[in-house]
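**Q** Spelled out, the chains give:
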Amino acid sequence: MSSFSDSVEAVAIALESNSKKFEELDSVAGDGDLGITAGNIAKGLRAGAAGATGDLKADLALIGREIAKNAPSTFGTLFATGFIRASAAVTDGNALTNMQLGVAAAFDGIAARGKAALGERTLLDALHPASEALRNSQDLQSGLNAAAKAARAGATATALMAPKHGRAGWIGERAQGNEDAGATVIAVAFEALQNS
Amino acid sequence: MQKILNIPTEFVNEMLEGILEAYPTQLESVEGDNHALVRAGAPVAGKVGIATGGGSGHLPLFLGYVGEGMLDGVAVGDVFQSPTAEQMLAVTKKIDSGAGVLYIYGNYGGDVFNFDFATELAATEGIRVETVLGADDVASAPKGEEARRRGIAGIFFLYKVAGAAAAKGLSLDDVVTVTRKAATHTRTMGLALSPVTLPAVGHPTFEVKAGEMEIGMGIHGEPGIRKSKLETADQITEELVSAIKADLDLKSGDKVCILVNSLGATPPEELYIMFRQAKKLLTGYGVSVARAYVGEFATSLEMAGASISIIRVDDELLNYINTPVHTPFFTQA
Chain A
1 MSSFSDSVEA
11 VAIALESNSK
21 KFEELDSVAG
31 DGDLGITAGN
41 IAKGLRAGAA
51 GATGDLKADL
61 ALIGREIAKN
71 APSTFGTLFA
81 TGFIRASAAV
91 TDGNALTNMQ
101 LGVAAAFDGI
111 AARGKAALGE
121 RTLLDALHPA
131 SEALRNSQDL
141 QSGLNAAAKA
151 ARAGATATAL
161 MAPKHGRAGW
171 IGERAQGNED
181 AGATVIAVAF
191 EALQNS
Chain B
1001 MQKILNIPTE
1011 FVNEMLEGIL
1021 EAYPTQLESV
1031 EGDNHALVRA
1041 GAPVAGKVGI
1051 ATGGGSGHLP
1061 LFLGYVGEGM
1071 LDGVAVGDVF
1081 QSPTAEQMLA
1091 VTKKIDSGAG
1101 VLYIYGNYGG
1111 DVFNFDFATE
1121 LAATEGIRVE
1131 TVLGADDVAS
1141 APKGEEARRR
1151 GIAGIFFLYK
1161 VAGAAAAKGL
1171 SLDDVVTVTR
1181 KAATHTRTMG
1191 LALSPVTLPA
1201 VGHPTFEVKA
1211 GEMEIGMGIH
1221 GEPGIRKSKL
1231 ETADQITEEL
1241 VSAIKADLDL
1251 KSGDKVCILV
1261 NSLGATPPEE
1271 LYIMFRQAKK
1281 LLTGYGVSVA
1291 RAYVGEFATS
1301 LEMAGASISI
1311 IRVDDELLNY
1321 INTPVHTPFF
1331 TQA
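Top to bottom, those sequences are chains A and B. Residues 1 to 196 in the working numbering are what the first sequence spells out, letter by letter. Residues 1001 to 1333 in the working numbering are what the second sequence spells out, letter by letter.
Among the hints, erroneous ones may be present.
Which residues of chain A face chain B? A few of them, derived with a C-beta cut under 8 Å, are [claimed, not checked]:
{"#": "1", "residue": "81"}
{"#": "2", "residue": "113"}
{"#": "3", "residue": "135"}
In short, the hints are calculated from the structure, not lab data. Don't be surprised by glycine CBs; every beta carbon is placed ideally from N, CA and C.
Could you put the whole structure together from the sequences, leaning on the hints where they help?
**A** If you want it as structure tokens, here you go:
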């Protein structure tokens, strides 16, 4: 894994280049704006990385604020929440420890703010397996490899889940048979991190 | 329903433009965004900042109470929609004097979601934010589940108390404590007689049949607890007041302030008919009315209907409620 800014840039590029895919998945029965949101999140990621100082806590918080500013939709807010919570959780420890703590805190924060649980066809169904895979890893690169694989499997599995959150804006009622768009965003993000 | 409109989707923007033009010495927008409004000259040095926010369509809520003695800032959403966390953060940064900020807003999912996030964002910038939710609507959840209740007109009393306490120079913790006390002792119950039409929708989004009323209907048309034929003013008032009395456990010797509020289309004449009966009932319970407010405080566009809010007061709360205020939509000498 390369520098912090390079990794953030890799995720931004991946979100942008997959925005059409997100839009299609979200349009199945959602409102179809997740492609736009993903592009806005990418802008926030870039703006945050541009102001990075090397202090991980401050840099993650800045990314969270920039995503909130650039992507004020519900999904964008949840995504930004993940970074703010990760910022609070990271320590002076090594990169693997910080990745484990940050992703676990992001999961907890998003679940709490979105008032959703696993199995309800949300981004959590990809983020949780990724967090678990990281937790069981011994080094950062193998952790990211395992997390990317687990996030993708988690996103694929959402195709069989019934949406539980009714008309709630950030989940929406989407037809079964396609994976959840938000969970797919998470899979794409971890795949980008793995290769960065 | 006929409306005076230009482009329906510009309803809120044009309203905000008009309000800013009407009160140029009292209100200003933050960084050119009219959805983020603060008291002219904010922040007030050394004072705890009080912020609120919520969807449009409820004037004088929420922005009408920004001013001397009440609120310092407000984030304004689209009709019945939460403002964004970013707008709330912009307001928060503008009104913080270093003494911290208190959020007071109604308990609705979208608002909680965005205000909680704004709180986290503010914390990353070193601003301490506390929250007291308005959750006064007795009809929206049963006793024992108060945390699920929606916030309606009773939030006026929270603004009044928090605003006066902050103006007096209390610390954030102390303003929170007294505002929580006010919330604990405030209850509201209302009824609707007609639905509303959102400008961008163009037709009513829910139904209240002619000749009927819905007790407990929310200010966005959320279902109430009972539909029936329209009853007399005295019968309606008795139902509202007795429900509040039971929920608030009002006892002989208690002292209260009362607010009789129009939901938009019901005229003040009818509100005074309700107040007359409410006062009679309270007196009959041995409860004294220390102060009364009758008029439009929290509306739902052109909905016909009314609500009654009651706050049980001690000397401390009453003293704050009696403090003068001066805002664009509300002045108390």
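**Q** Does each hint fit the structure? Answer for all of them.
**A** Status of each hint after checking the structure:
About 6 Å separates the beta-carbon of residue 81 of chain A from the nearest beta-carbon of chain B, less than 8 Å, and the hint is met. At about 6 Å, the closest approach between the beta carbon of residue 113 of chain A and any beta carbon in chain B falls short of 8 Å, and the interface hint on this residue holds. At about 24 Å, the closest approach between the beta carbon of residue 135 of chain A and any beta carbon in chain B exceeds 8 Å, and the interface hint on this residue is violated.
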